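A.B. asks: Listed here are the chains, written in short residue letters.
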Amino acid sequence: MDIFLEAFLNVLSIKNIIAMTLLIPLGMMAGALPGFTATMAVAILVPFTFAMNPIMGLICVSAVYCAAIYGGAFPAILINTPGTPSSIATCFDGYPMTLQGRAQEALFTIAFASLVGGFIGTIGLIAFSLPLAKIALKFGPPEYFWVSIFGLTIIAGLSGDSLLKGIAGGVLGLLISTIGIAPVGGDVRFTFGIASFQGGVELISVLIGFFCIPEVFKMAKDPVGSYLKSTNIGHEGGGYREVIYKGFKNAFTDTINLVRSSIIGLFVGILPGAGGNIANLIAYNETKRASKDPESFGKGNPQGIVATESADKATIMGSFVPLLTLGVPGSPVAAVVYGALMIQGLNPGPELFTKHAEITYTFMMSFFVAMALTVLIGMFAGVLFYQIIMRLPVRVLVPAILLLTIVGSYAVRNNYMDVIFMLASGYLGYVLSNLGFSPGPVVLGLVLGPIAEKGLVQGFLMGNSMFPGTPWLIFFTRPISIVLIVISVISALWPIYAARRRRRAAL
Amino acid sequence: MMLNSDLYGGLIMLAFAGMFWLQMGDFTKFGLMFPKVIIALLAFLGVVMIVKAKVKPQYMKPFLKDINKYMAATMIWSLLWVLSASYVGFFVASVVSMWAIQWFLSSERNLKISAISLAVAIGSVFVIYYVFTKYLYIFFPEGFLF
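In order, the protein sequence lines correspond to chains A and B.
So the first sequence is numbered by the UniProt record's numbering: it starts at 1 and just counts up by one.
So the second sequence is numbered by the UniProt record's numbering: it starts at 1 and just counts up by one.
Looking at chain A on its own, in the form it has when it is part of the complex (with noise of 0.2 Å):
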């Protein structure tokens, strides 16, 4: 008990909170940038750190990490663009409540979702680490196989009015996951003869052209005025108290959303290789799953952001559960702050809880403070750039949104090719959402594909050593394959089962 009220106490110096402080804006600048993801944030900041000692290093790493996810939601949430992959949930009732004219509703209530994420995940951090990693080494390829078929069920929750188009969609982002080098067998698939796409296509464009290039062209439609006007916002009833207070209550009117969210936001960032770009979508499907009113979700269903933000929130700790416990990043900030504590001569495993118990404890430690300086942080933050955009008149806003959608897809891989596919993806998408394609599926499928890809096709090679001649066989045998295939099938059915239960309760 002595080494984690030294470890909190550690993080409440004065030199340590003022450092977060301090960071905190900027990672969440990074954040709110489209295309600047966290990892960039981190990897940016990481140099700097050599410079402090290994504590003040590593809270400032938690710092920023917290930030820039917590600043991805505020395009999200204004103008309907994930800063961030882990914001991409945000999107669908953020920015209808921003519509509503219940923007500031909307940022107040991720600001507390974010404190009870943040707070469930450290906790799970600090508590079940070890178990935790324990279970996630027993996912092989066939597991991923299923987590990624259990990921593809969500399609029903996001597909909007037709489900046929919602899993057309799906398929449609598994196909074009396929672009570039083969997870197995190392073939340069599917590049139309452009050399820049043997390195596959960026989810960061896409995500910025589904999401975004659509939105700036119908703004781009009623130029006179500002956005404010041109979409029907209007300024929100009551005193900030008023917000604040809806906001509060939003993210607690439904406890167990918030706690389920973070459970889930938890696990998912354990897993190596799946990360907040998941966890936000399927926390987000299990609300509207678990809703007596799902019909309101896509429409402006505070829940609905609630469990995206906690999610993600609590991912930020899960990712680092098989860093810390076995020294495998699990994440590309993981892989980042590996580096980080090399950088101070910590080596990531068991003995940073024995040898370094302090220093790691103090990481840990650190994201309750972190997420909470963030959180308050966040709420002027989110303030200030919802008066931003709002004041700026459309004329102005609409190639300012366009300038850095450019920066954003370029600056993520410095390849001119993304800024080009993340254009084109922006006609495919205005072109698809009018003719009643969500663009939730398309990009659940490319976030997934690669993830199914490498489970099925290294799934198999393990299943011919197996079982020799019939090697699918181990996708059905093996103990958690089998609880994921029943939670896909139940999944899967369940949209049905719901709107019989809905039609007979109607009757």
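Bear in mind the hints are in silico, worked out from the structure with no lab data behind them.
Note that this is a predicted model, so its numbers are computed, not measured.
Do not take every clue at face value.
[Stated by the list, open to error] One-sided and incomplete, this derived list gives chain A residues near chain B with beta-carbon spacing under 10 Å:
{"id": "1", "residue": "Ala168"}
{"id": "2", "residue": "Ile179"}
{"id": "3", "residue": "Ala182"}
{"id": "4", "residue": "Phe190"}
{"id": "5", "residue": "Phe217"}
{"id": "6", "residue": "Tyr430"}
{"id": "7", "residue": "Phe437"}
{"id": "8", "residue": "Met466"}
{"id": "9", "residue": "Gly469"}
{"id": "10", "residue": "Leu473"}
[Stated by the list, open to error] Cβ pair distances, simulated, as ranges:
{"id": "11", "chain 1": "B", "residue 1": "Leu111", "chain 2": "A", "residue 2": "Lys249", "range": "45 to 53 Å"}
{"id": "12", "chain 1": "A", "residue 1": "Leu9", "chain 2": "B", "residue 2": "Val37", "range": "50 to 58 Å"}
{"id": "13", "chain 1": "B", "residue 1": "Ala119", "chain 2": "A", "residue 2": "Arg502", "range": "54 to 62 Å"}
{"id": "14", "chain 1": "A", "residue 1": "Met342", "chain 2": "B", "residue 2": "Gly123", "range": "38 to 46 Å"}
{"id": "15", "chain 1": "B", "residue 1": "Trp21", "chain 2": "A", "residue 2": "Val259", "range": "41 to 49 Å"}
{"id": "16", "chain 1": "B", "residue 1": "Tyr135", "chain 2": "A", "residue 2": "Ile490", "range": "45 to 53 Å"}
{"id": "17", "chain 1": "B", "residue 1": "Lys69", "chain 2": "A", "residue 2": "Gly327", "range": "54 to 62 Å"}
[Claimed, not checked] With a straight-line Cα cutoff of 30 Å, these simulated DSS-like cross-link-like pairs (lysine-lysine) come out:
{"id": "18", "chain 1": "A", "residue 1": "Lys454", "chain 2": "B", "residue 2": "Lys69"}
{"id": "19", "chain 1": "B", "residue 1": "Lys65", "chain 2": "A", "residue 2": "Lys218"}
{"id": "20", "chain 1": "B", "residue 1": "Lys29", "chain 2": "A", "residue 2": "Lys138"}
{"id": "21", "chain 1": "A", "residue 1": "Lys218", "chain 2": "B", "residue 2": "Lys69"}
{"id": "22", "chain 1": "A", "residue 1": "Lys221", "chain 2": "B", "residue 2": "Lys134"}
{"id": "23", "chain 1": "B", "residue 1": "Lys134", "chain 2": "A", "residue 2": "Lys15"}
{"id": "24", "chain 1": "B", "residue 1": "Lys29", "chain 2": "A", "residue 2": "Lys299"}
Just so you know, even glycine gets a beta-carbon here, dropped at the ideal spot from N, CA and C.
We have chain A; now place chain B onto it with these hints.
C.D. replies: This is chain B only, laid out in the frame that chain A set:
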């Protein structure tokens, strides 16, 4: 006249399946396993949508008619912006495009508005360009100008 969205949606899915099918080269078994299934599935879904378009179509508003001159100008300029940046350089293409889009979207088009738009364009592109190249070491495409 309303738009049969299932028909056009189905045709787009078939077009994508066809494009990828034509690109299938001499891949190894492992490289082919997943995309082959996905292409077949997408083609199947495209056909199902076309059949649905005949049996139980879903109609939508013809969106092309909704595109007014402001929207069209933004769509075209954003394309020119992206395509020209590799030739004239990111800085020049961005300043010109930002200024042009602001000019197109302005209700009044006079010298004062033009000057303000140009100042906004140069200022915002300069800040982005400077921060990214100087501090983040992200270098944007240079063209024949700079």
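A.B. asks: List, from low to high, the hint numbers that the structure doesn't satisfy.
C.D. replies: Violated hints (numbers, rising): 8, 9, 10, 18, 22, 24; every other hint is consistent with the structure.
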